[in-house]
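Colleague: Using the sequences and the accompanying hints, generate a full structural model.
Protein chains: 2
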Amino acid sequence: MVVALGCLARLAAAQRFGDSGILEFCLTRARVRIAAISTEGRSDVNPSASALSQPATKRAFNFNAGPAAIPLPVLERVREELLDYRGTGMSVMEMSHRSAEFEAINEHTEKSLRRLIGIPEDYAVLFLQGGGSLQFAMVPMNLYLPGKPVDVLHTGSWTSKAMEELKKLATYRLAASTEASKFMRVPRADEITLAPDASYVFMCTNNTIDGTEWNETPATGAVPLVADMSSNICSRPLDVRQFGLIFSGAQKNLGPSGVTVVILRRDLAERAGDKVAKILQYRTHMKEHSLYHTPPTFAVYMMGLVLDWIEAEGGLAAIGKRNASKAKLLYDAIEASGYYQCPIEHDSRSRMNVVFRVAGGDEAIEKKFVQEAEAAGIIGIKGHRSVGGMRASLYNAVPPEAVEALVGFMRDFERRKG
Amino acid sequence: MVVALGCLARLAAAQRFGDSGILEFCLTRARVRIAAISTEGRSDVNPSASALSQPATKRAFNFNAGPAAIPLPVLERVREELLDYRGTGMSVMEMSHRSAEFEAINEHTEKSLRRLIGIPEDYAVLFLQGGGSLQFAMVPMNLYLPGKPVDVLHTGSWTSKAMEELKKLATYRLAASTEASKFMRVPRADEITLAPDASYVFMCTNNTIDGTEWNETPATGAVPLVADMSSNICSRPLDVRQFGLIFSGAQKNLGPSGVTVVILRRDLAERAGDKVAKILQYRTHMKEHSLYHTPPTFAVYMMGLVLDWIEAEGGLAAIGKRNASKAKLLYDAIEASGYYQCPIEHDSRSRMNVVFRVAGGDEAIEKKFVQEAEAAGIIGIKGHRSVGGMRASLYNAVPPEAVEALVGFMRDFERRKG
Chain A
33 MVVALGCLAR LAAAQRFGDS GILEFCLTRA RVRIAAISTE GRSDVNPSAS
83 ALSQPATKRA FNFNAGPAAI PLPVLERVRE ELLDYRGTGM SVMEMSHRSA
133 EFEAINEHTE KSLRRLIGIP EDYAVLFLQG GGSLQFAMVP MNLYLPGKPV
183 DVLHTGSWTS KAMEELKKLA TYRLAASTEA SKFMRVPRAD EITLAPDASY
233 VFMCTNNTID GTEWNETPAT GAVPLVADMS SNICSRPLDV RQFGLIFSGA
283 QKNLGPSGVT VVILRRDLAE RAGDKVAKIL QYRTHMKEHS LYHTPPTFAV
333 YMMGLVLDWI EAEGGLAAIG KRNASKAKLL YDAIEASGYY QCPIEHDSRS
383 RMNVVFRVAG GDEAIEKKFV QEAEAAGIIG IKGHRSVGGM RASLYNAVPP
433 EAVEALVGFM RDFERRKG
Chain B
33 MVVALGCLAR LAAAQRFGDS GILEFCLTRA RVRIAAISTE GRSDVNPSAS
83 ALSQPATKRA FNFNAGPAAI PLPVLERVRE ELLDYRGTGM SVMEMSHRSA
133 EFEAINEHTE KSLRRLIGIP EDYAVLFLQG GGSLQFAMVP MNLYLPGKPV
183 DVLHTGSWTS KAMEELKKLA TYRLAASTEA SKFMRVPRAD EITLAPDASY
233 VFMCTNNTID GTEWNETPAT GAVPLVADMS SNICSRPLDV RQFGLIFSGA
283 QKNLGPSGVT VVILRRDLAE RAGDKVAKIL QYRTHMKEHS LYHTPPTFAV
333 YMMGLVLDWI EAEGGLAAIG KRNASKAKLL YDAIEASGYY QCPIEHDSRS
383 RMNVVFRVAG GDEAIEKKFV QEAEAAGIIG IKGHRSVGGM RASLYNAVPP
433 EAVEALVGFM RDFERRKG
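Taken in sequence, the protein lines are chains A and B.
Note that my numbering has the first sequence beginning at 33, numbered continuously upward.
Note that my numbering has the second sequence beginning at 33, numbered continuously upward.
Since the hints were derived computationally from the structure, they do not count as laboratory data.
Note that this is a predicted model, so its numbers are computed, not measured.
Ideal placement from N, C-alpha and C gives every residue a C-beta, glycine not left out.
Some hints here could point you the wrong way.
In silico DSS-like cross-links for lysine-lysine, where the CA-CA straight-line distance does not exceed 27 Å [said to hold, decoys possible]:
hint : chain 1 : residue 1 : chain 2 : residue 2
1    : A       : 310       : B       : 310
2    : A       : 307       : B       : 310
3    : A       : 199       : A       : 307
4    : A       : 310       : B       : 360
5    : A       : 307       : B       : 200
6    : B       : 193       : A       : 310
7    : A       : 193       : B       : 360
8    : B       : 353       : A       : 310
9    : B       : 319       : A       : 199
10   : B       : 214       : A       : 193
11   : A       : 200       : B       : 199
12   : B       : 180       : A       : 200
13   : A       : 214       : A       : 199
14   : B       : 214       : A       : 310
15   : A       : 310       : A       : 193
16   : A       : 180       : B       : 353
17   : A       : 180       : A       : 200
18   : A       : 310       : A       : 143
19   : B       : 353       : A       : 199
20   : B       : 214       : A       : 199
21   : B       : 180       : A       : 310
22   : A       : 193       : B       : 310
23   : A       : 200       : B       : 143
24   : B       : 143       : B       : 307
25   : A       : 180       : B       : 307
26   : A       : 307       : B       : 143
27   : A       : 319       : B       : 449
28   : A       : 193       : A       : 180
29   : B       : 353       : A       : 307
30   : B       : 310       : A       : 199
31   : B       : 199       : A       : 199
32   : B       : 200       : A       : 319
Restraint ranges, calculated between C-beta atoms of paired labels, are given here [to be verified]:
hint : chain 1 : residue 1 : chain 2 : residue 2 : range
33   : A       : 189       : B       : 321       : 17 to 27 Å
34   : B       : 189       : A       : 229       : 38 to 48 Å
35   : B       : 271       : A       : 90        : 39 to 49 Å
36   : A       : 357       : B       : 177       : 57 to 67 Å
37   : B       : 251       : A       : 407       : 56 to 66 Å
38   : B       : 271       : A       : 271       : 54 to 64 Å
39   : A       : 306       : B       : 205       : 18 to 28 Å
40   : B       : 432       : A       : 118       : 24 to 34 Å
Modeller: Written out as structure tokens, the structure reads:
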């Protein structure tokens, strides 16, 4: 199935922002689209050539949990620049990371992230490798103060993975856990007991596998709050000052896998002891503006394009509103049906990852659901193997039209099997 | 300037190999080229569309030291598949790393590397993140046996960086060093003194910055030899059995930056103590076939395409022969001129990174050389800031035509300034 999105809204957004980069971005997209229309159905155009220049490619309704959907205009821009980045005669991935061109890309991506989120100057922005999983180790290596256990807010599979590394590298305490509720909600404020002298508090703001999300950030006073935001960073407005350190793999809301964003209060980088490997110290990368060693240049470039796109869409406030309405559409359809059900408590439901089951949790029917959805071009809705059922991930780049298609399919499936 | 390469040789190579994947790869490329020719100069084709489908894009003569040139047919293939990978309706970077499609890509890349190099079954192949710089830390974390100092063969900037991490994580000994010769050669066999009970011996097979390369691999007996092959892996045939562990960032001969190849004898993965972070243990990734956490999926996919390309070019023997003749062309031109000089001893000269100066090492003239070369589309030949002068990196994807263009430019420059 073909997902076709207009560019007019984006153009309007760009004009509102008065950003010529974004405007150019949109205009390029419009040109490509016009070119496509003008060659469509022309029998005198060589078919191979027109296949290449054809943006109306078959595109799936992509609900993957990550790596996940990338905005179509970003992919189109990447395709355009792939063999020759703005007249350099090279692809971005063929450029030295020490070249003026790549340094400009690196800086553009950092500045865009700072502007979009509103990151204060006393916070550093780093682009690293290794994903959230390496951060589970780097955070204690850099921030743990011996004798001061880390306070963990345990909310499922990912905080569990983080604790596996904490066990090796530090000591920790459960400041709250919803394991007894099978992680179907996040802790309530009155369930959290924080130690005043913890090295830091660790949390995961959105639990991709479990389908829960924190709607209020716990206040941790003088103790720095460290958040794994891998699956909801840049999905709505964010107050960085509530956190000491935020990390996120890019592969859900920010771009392709292979680059990890770390936002940290600069003073915290000084905690690491000298015995920590240099490559694993935040201050190494802070000093070198993420260019201490060869960065994943192409992923950094793509993240910059995704950030441009978010800005053209209206920034975090607008994207947050759209994400909320996408999630509402799906949760409402589940509630209204009586046939589907979402096991997650209302206040803890994630706007990013909607988990649901067919009533009674019949696994054979759920298998059929996933298969038939796939045949209809609806991809990536099988639940994680550890929880079963279905899961639809509604990251920034998933258009409302995709959610409408899913809801339509669900109604149809219910009519046929319910 | 435009670098145009024929596909006939590649087609012949593919037929010789009887590999239908490679054949398809070449045929696709031929089709794209034919399409380009048939639309070239047609005024009735929409210009935007033809710009997109036009493979005869401006391409630089790219001598970057890394990230570096990618084979043009690989970039063309990536561009073709960017919005819809083989009918999935998704880009490779939009797919789950747990999907059947990506698992096939991951396996294809591993198998191609195994076949191309001839990697025995008792060696694991891992695709990690963090480049050679993270390996400088991971190797001692996993392979160091307390009380058994690492033997280092010190040959320049990169072994020096490796020692910075060794200092923090292990103890080491200089088993040889050419620092007194300003790293203008690698150690001779009789200069190396190895301890029989070292944890391992560490070397860098090609020194990107210094312009030297080992032409014989030192015999280390029962002590595992660990090699940083970041800048010459897959540039010529390789006997894996001489090594305990080989690592290499992809960004020179294998693809874009962001993925790191590790080839290690499986038994060595068992050395790591339990206190090593799980994400930093080789055995974690070995057990999970490089899918323990989200891999840099797009870089793994591209590496697979680059390996297909190497195979279609005739494999490591053929590519090694071509690399030798490219290097000979440039070194001979330097020797013959009297105007240029290469400071590196003959037996240690790298076939990957050719460093040279203008006679007398006049920095003002060298600056002019680099500027005028750039104006002529010859990119990336400024020497590393730590050694000065010029450096041309001649990795696999740099075509002989590019070296001819450089040599032609050098002659012309000499005539004008010499």
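Colleague: For every hint, state whether the structure bears it out.
Modeller: Structure-based check of each hint:
Note on residue 310 of chain A and residue 310 of chain B: the hinted pairing holds, with a Cα-Cα distance of about 18 Å set against a maximum of 27 Å. Note on residue 307 of chain A and residue 310 of chain B: the hinted pairing holds, with a Cα-Cα distance of about 18 Å set against a maximum of 27 Å. For the suggested pair residue 199 of chain A and residue 307 of chain A, the alpha carbons sit about 19 Å apart, so the restraint of at most 27 Å is met. Using a Cα cut-off of 27 Å, the hinted pair residue 310 of chain A and residue 360 of chain B is violated, with the two alpha carbons roughly 38 Å apart.
For the given pair, residue 307 of chain A sits about 5 Å from residue 200 of chain B by alpha-carbon distance, which is consistent with the 27 Å threshold. Note on residue 193 of chain B and residue 310 of chain A: the hinted pairing holds, with a Cα-Cα distance of about 10 Å set against a maximum of 27 Å. Straight-line distance between C-alpha atoms of residue 193 of chain A and residue 360 of chain B comes to about 52 Å, which puts the hinted pair past the 27 Å bound. For a cut-off of 27 Å, the pair hint linking residue 353 of chain B to residue 310 of chain A is broken: about 38 Å separates their Cα positions.
Between residue 319 of chain B and residue 199 of chain A the alpha-carbon distance is near 21 Å, which keeps this suggested pair within the 27 Å criterion. With a CA separation close to 47 Å, the supplied pair residue 214 of chain B and residue 193 of chain A exceeds the 27 Å bound. Proposed proximity of residue 200 of chain A and residue 199 of chain B is supported: the alpha carbons are some 22 Å apart, at most 27 Å. For a cut-off of 27 Å, the pair hint linking residue 180 of chain B to residue 200 of chain A stands: about 24 Å separates their Cα positions.
For a cut-off of 27 Å, the pair hint linking residue 214 of chain A to residue 199 of chain A stands: about 22 Å separates their Cα positions. With a CA separation close to 25 Å, the supplied pair residue 214 of chain B and residue 310 of chain A stays within the 27 Å bound. Straight-line distance between C-alpha atoms of residue 310 of chain A and residue 193 of chain A comes to about 24 Å, which keeps the hinted pair within the 27 Å bound. Taken as a hint, the residue 180 of chain A and residue 353 of chain B pair is broken in the structure, with Cα atoms around 60 Å apart against an allowance of 27 Å.
Only pairs whose Cα atoms come within 27 Å are accepted, and residue 180 of chain A paired with residue 200 of chain A is accepted, the gap being roughly 15 Å. Restraint check for residue 310 of chain A and residue 143 of chain A: the C-alpha separation of about 26 Å stays at or below 27 Å, so the hint holds. With a C-alpha separation of about 51 Å, the suggested pair residue 353 of chain B and residue 199 of chain A falls outside the 27 Å cut-off, and the hint is violated. A threshold of 27 Å between alpha carbons decides the hint, and for residue 214 of chain B with residue 199 of chain A the separation of about 46 Å lies outside it, so the pair is violated.
Of the pairs offered as hints, the one joining residue 180 of chain B and residue 310 of chain A holds, with about 22 Å between alpha carbons and a cut-off of 27 Å not exceeded. Of the supplied pair hints, the one linking residue 193 of chain A and residue 310 of chain B holds, its CA atoms being roughly 10 Å apart against a limit of 27 Å. Between the alpha carbons of residue 200 of chain A and residue 143 of chain B the distance comes to roughly 34 Å, so the proposed pair goes past 27 Å and is violated. Proximity of residue 143 of chain B to residue 307 of chain B is assessed by CA-CA distance (about 32 Å); at most 27 Å being required, the pair is judged violated.
Between residue 180 of chain A and residue 307 of chain B the CA atoms are separated by roughly 19 Å; this keeps the pair inside 27 Å, and the hint holds. Restraint check for residue 307 of chain A and residue 143 of chain B: not satisfied, since their Cα atoms lie roughly 38 Å apart, outside the 27 Å limit. A distance of roughly 41 Å separates the Cα atoms of residue 319 of chain A and residue 449 of chain B; the hinted pair therefore is violated under the 27 Å criterion. Straight-line distance between C-alpha atoms of residue 193 of chain A and residue 180 of chain A comes to about 20 Å, which keeps the hinted pair within the 27 Å bound.
A C-alpha spacing of about 45 Å is found between residue 353 of chain B and residue 307 of chain A, which places the hinted pair above 27 Å, so the restraint is violated. Proximity of residue 310 of chain B to residue 199 of chain A is assessed by CA-CA distance (about 10 Å); at most 27 Å being required, the pair is judged to hold. Taken as a hint, the residue 199 of chain B and residue 199 of chain A pair is honoured in the structure, with Cα atoms around 25 Å apart against an allowance of 27 Å. Of the supplied pair hints, the one linking residue 200 of chain B and residue 319 of chain A holds, its CA atoms being roughly 19 Å apart against a limit of 27 Å.
As the Cβ distance of residue 189 of chain A to residue 321 of chain B is approximately 20 Å, the hint placing it in 17 to 27 Å holds. Distance hint check: the CB atoms of residue 189 of chain B and residue 229 of chain A are about 43 Å apart, consistent with the given range 38 to 48 Å. Distance hint check for residue 271 of chain B and residue 90 of chain A: the Cβ-Cβ separation is about 46 Å, which falls inside the suggested range of 39 to 49 Å. Checked against the given bound of 57 to 67 Å, the beta carbons of residue 357 of chain A and residue 177 of chain B, roughly 59 Å apart, stay inside it.
At roughly 59 Å, the beta-carbon separation of residue 251 of chain B and residue 407 of chain A lies within the given 56 to 66 Å, and the hint holds. At roughly 57 Å, the beta-carbon separation of residue 271 of chain B and residue 271 of chain A lies within the given 54 to 64 Å, and the hint holds. Hint check: residue 306 of chain A to residue 205 of chain B, Cβ distance near 21 Å, so the stated range 18 to 28 Å holds. The supplied range of 24 to 34 Å is met by residue 432 of chain B and residue 118 of chain A, whose beta-carbon atoms lie about 28 Å from each other.
Checked against the numbered hints above, the structure violates hints 4, 7, 8, 10, 16, 19, 20, 23, 24, 26, 27 and 29; every other hint is satisfied.
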